[in-house]
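Enquirer: Chains as they are written, first to last, in our numbering: chain L, 1 to 97; chain S, 1001 to 1303.
Note that these hints are calculated values from the structure, not bench results.
Incorrect hints may have been included.
[Unchecked claim] Here are the simulated SDA-like pairs of lysine to any residue, each with C-alpha atoms no more than 20 Å apart in a straight line:
| no. | chain 1 | residue 1 | chain 2 | residue 2 |
| --- | --- | --- | --- | --- |
| 1 | S | K1153 | S | Q1138 |
| 2 | S | K1030 | L | Q90 |
| 3 | S | K1265 | L | T49 |
| 4 | S | K1206 | L | A87 |
| 5 | S | K1202 | L | E83 |
| 6 | S | K1265 | L | R86 |
| 7 | S | K1026 | L | E69 |
| 8 | S | K1243 | S | K1202 |
| 9 | S | K1026 | L | S72 |
| 10 | S | K1021 | L | A55 |
| 11 | S | K1265 | L | Q82 |
| 12 | S | K1007 | S | H1071 |
| 13 | S | K1162 | S | I1179 |
| 14 | S | K1202 | L | E96 |
| 15 | S | K1202 | L | L92 |
| 16 | S | K1206 | L | Q90 |
| 17 | S | K1030 | L | A87 |
| 18 | S | K1007 | S | G1069 |
| 19 | S | K1045 | S | Q1138 |
| 20 | S | K1030 | L | L92 |
| 21 | S | K1206 | L | L92 |
| 22 | S | K1202 | L | A87 |
| 23 | S | K1021 | L | L61 |
| 24 | S | K1026 | S | E1060 |
| 25 | S | K1030 | L | L61 |
A quick note: this is a predicted structure, and the numbers were derived from the prediction, not measured.
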Amino acid sequence: MSTEELIPMELYCRHEELDITFVRALTERGLIEVVIREERSYLSPEQITRLESLARMHFDLDINLEGIEAISHLLERVDRMQEAMRAMEQRLRLYEE
Amino acid sequence: MATDYYKALGVDRTATTDAIKAAYRKLARKYHPDLNPNDDAAKRKFQEINEANEVLSDPESRKKYDKYGEHWKHADQIEAQEKERAKQGAGAGGFAGQGFEGFGGGTMSEEEMNDLFGSMFGGRGGRRQARFRGPDYQAESHLALIDAATTHKQTLNVNGQKLRITVPAGVEDGQTIRIPGQGGPGANGGPNGDLYITFRVKEHPKFKRTGADLHTTAEIDLSTAVLGGDLLLDTLDGQVKMKVAPGTQNGSRAKLKGKGFPVYKQEGRHGDLYVTYQVKLPTTLTSEQRALFEQLAQTSPRP
Chain L
1 MSTEELIPME
11 LYCRHEELDI
21 TFVRALTERG
31 LIEVVIREER
41 SYLSPEQITR
51 LESLARMHFD
61 LDINLEGIEA
71 ISHLLERVDR
81 MQEAMRAMEQ
91 RLRLYEE
Chain S
1001 MATDYYKALG
1011 VDRTATTDAI
1021 KAAYRKLARK
1031 YHPDLNPNDD
1041 AAKRKFQEIN
1051 EANEVLSDPE
1061 SRKKYDKYGE
1071 HWKHADQIEA
1081 QEKERAKQGA
1091 GAGGFAGQGF
1101 EGFGGGTMSE
1111 EEMNDLFGSM
1121 FGGRGGRRQA
1131 RFRGPDYQAE
1141 SHLALIDAAT
1151 THKQTLNVNG
1161 QKLRITVPAG
1171 VEDGQTIRIP
1181 GQGGPGANGG
1191 PNGDLYITFR
1201 VKEHPKFKRT
1211 GADLHTTAEI
1221 DLSTAVLGGD
1231 LLLDTLDGQV
1241 KMKVAPGTQN
1251 GSRAKLKGKG
1261 FPVYKQEGRH
1271 GDLYVTYQVK
1281 LPTTLTSEQR
1291 ALFEQLAQTS
1301 PRP
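Kindly produce the complete structure, drawing on both the sequences and the hints.
Expert: This is the structure we're talking about:
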């Protein structure tokens, strides 16, 4: 059995001085997943890592939400392509000798 | 890093704070690690522009950089030494100033100066304008294939600091993991950067890996290939005995389920081990063996 580590969203936003409406907007766009327990929203550590990255794009790089959405889709594709490339490189190595 | 910060951001030395910010944002959008996963060159470039921005967007640091170049971090010591020398040269009571020289010709206290910087940075009132995240660090960890098959602790030396990490079983060659907050320190209360560790898994002389599957070759003699038999095969966990089916062809493959590599972060799951048979033909025959082969050839149908 594994225990789930969850951080209350409001607490996280307060601690990080992050506007909660920004997190809600990301959630509405499906860019962040929150866990709802007893009507409270929680974030998992994986989602916090993702949120940090999206917050950097927005606040540090001045990218608006539409841009973040487009970038997220493209990054997922890049991820899949890199994964496929790595698998192909490994397969190629089988025939190299 | 002895880079020309102005060059790094592509601005000239008279650029305004806004121009510097705009140039940084433009380059950061191109090279930020969040936008360039697993791209070491982009990460290095980002570190360079991040460092340049941190210095040039802070008026005090910029002033020091303009005056002392790459030695700007030691500006206070240099100035203190210069003052000391001047004092010694001019005799007692030569230095009286307590504050900084103000932009308008008067003097400003340090507090006033801080207020001014605060107002310059605080225009948008957001959480991140005055806080700078520390730079991300990169590290490489070299592993033998056997080591990558087990979850184990490893001590890395990152920027002179020892860091103990857990390497999960099943990491792949070229895979990068991120350890939040273990990068360079942030500025103005900003968070630390992250540490990215890229694993380099060395090739194994016996096993080739594709994802969680392993591939190996096994030599069998002609009689085992024809008649079938047992084979002792090396796996990651030690030797296993496997059955070779009668009529096994050279180059054919057999699969040993679950004898491959551990699946990353899926405890208890393993890939498969694929064995390619190499049938070894005898190169020298005794007269008795030759006679038997000739007898066999006469009984076998010719193509």
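Enquirer: Taking the hints in turn, state whether each one holds.
Expert: Each hint, compared with the structure:
Proposed proximity of K1153/S and Q1138/S is supported: the alpha carbons are some 18 Å apart, at most 20 Å. Restraint check: the Cα-Cα separation between K1030/S and Q90/L comes to about 29 Å, which exceeds 20 Å; the hinted pair is violated. At most 20 Å may separate the alpha-carbon atoms for a hinted pair to count; K1265/S and T49/L meet this at roughly 17 Å. Taking the CA atoms of K1206/S and A87/L, the gap is near 19 Å; set against the 20 Å cutoff, the hint holds.
Between the alpha carbons of K1202/S and E83/L the distance comes to roughly 19 Å, so the proposed pair stays at or under 20 Å and holds. Using a Cα cut-off of 20 Å, the hinted pair K1265/S and R86/L holds, with the two alpha carbons roughly 18 Å apart. Simply put, K1026/S and E69/L have alpha-carbon atoms about 19 Å apart, close enough for the 20 Å limit, and the pair holds. Restraint check for K1243/S and K1202/S: the C-alpha separation of about 30 Å exceeds 20 Å, so the hint is violated.
With a CA separation close to 18 Å, the supplied pair K1026/S and S72/L stays within the 20 Å bound. Only pairs whose Cα atoms come within 20 Å are accepted, and K1021/S paired with A55/L is accepted, the gap being roughly 18 Å. Annotation: proposed proximity of K1265/S to Q82/L holds, straight-line Cα distance about 19 Å (limit 20 Å). A distance of roughly 17 Å separates the Cα atoms of K1007/S and H1071/S; the hinted pair therefore holds under the 20 Å criterion.
Distance check on the hinted pair: K1162/S and I1179/S sit about 14 Å apart at the alpha-carbon level, within 20 Å; holds. For the suggested pair K1202/S and E96/L, the alpha carbons sit about 16 Å apart, so the restraint of at most 20 Å is met. Under the criterion of a C-alpha separation no larger than 20 Å, the hint pairing K1202/S with L92/L is consistent with the structure, at around 16 Å. Of the supplied pair hints, the one linking K1206/S and Q90/L holds, its CA atoms being roughly 15 Å apart against a limit of 20 Å.
Note on K1030/S and A87/L: the hinted pairing is violated, with a Cα-Cα distance of about 27 Å set against a maximum of 20 Å. Between the alpha carbons of K1007/S and G1069/S the distance comes to roughly 13 Å, so the proposed pair stays at or under 20 Å and holds. With a CA separation close to 12 Å, the supplied pair K1045/S and Q1138/S stays within the 20 Å bound. A threshold of 20 Å between alpha carbons decides the hint, and for K1030/S with L92/L the separation of about 31 Å lies outside it, so the pair is violated.
At most 20 Å may separate the alpha-carbon atoms for a hinted pair to count; K1206/S and L92/L meet this at roughly 16 Å. The suggested pairing of K1202/S with A87/L holds, with an alpha-carbon distance near 16 Å, which does not exceed 20 Å. For the hint pairing K1021/S with L61/L, the CA-to-CA distance comes to about 10 Å; that is within 20 Å, so the pair holds. For the hint linking K1026/S to E1060/S, the alpha-carbon distance of about 23 Å lies beyond 20 Å, and the restraint is violated.
About 10 Å separates the Cα atoms of K1030/S and L61/L, which keeps this hinted pair within 20 Å; it holds.
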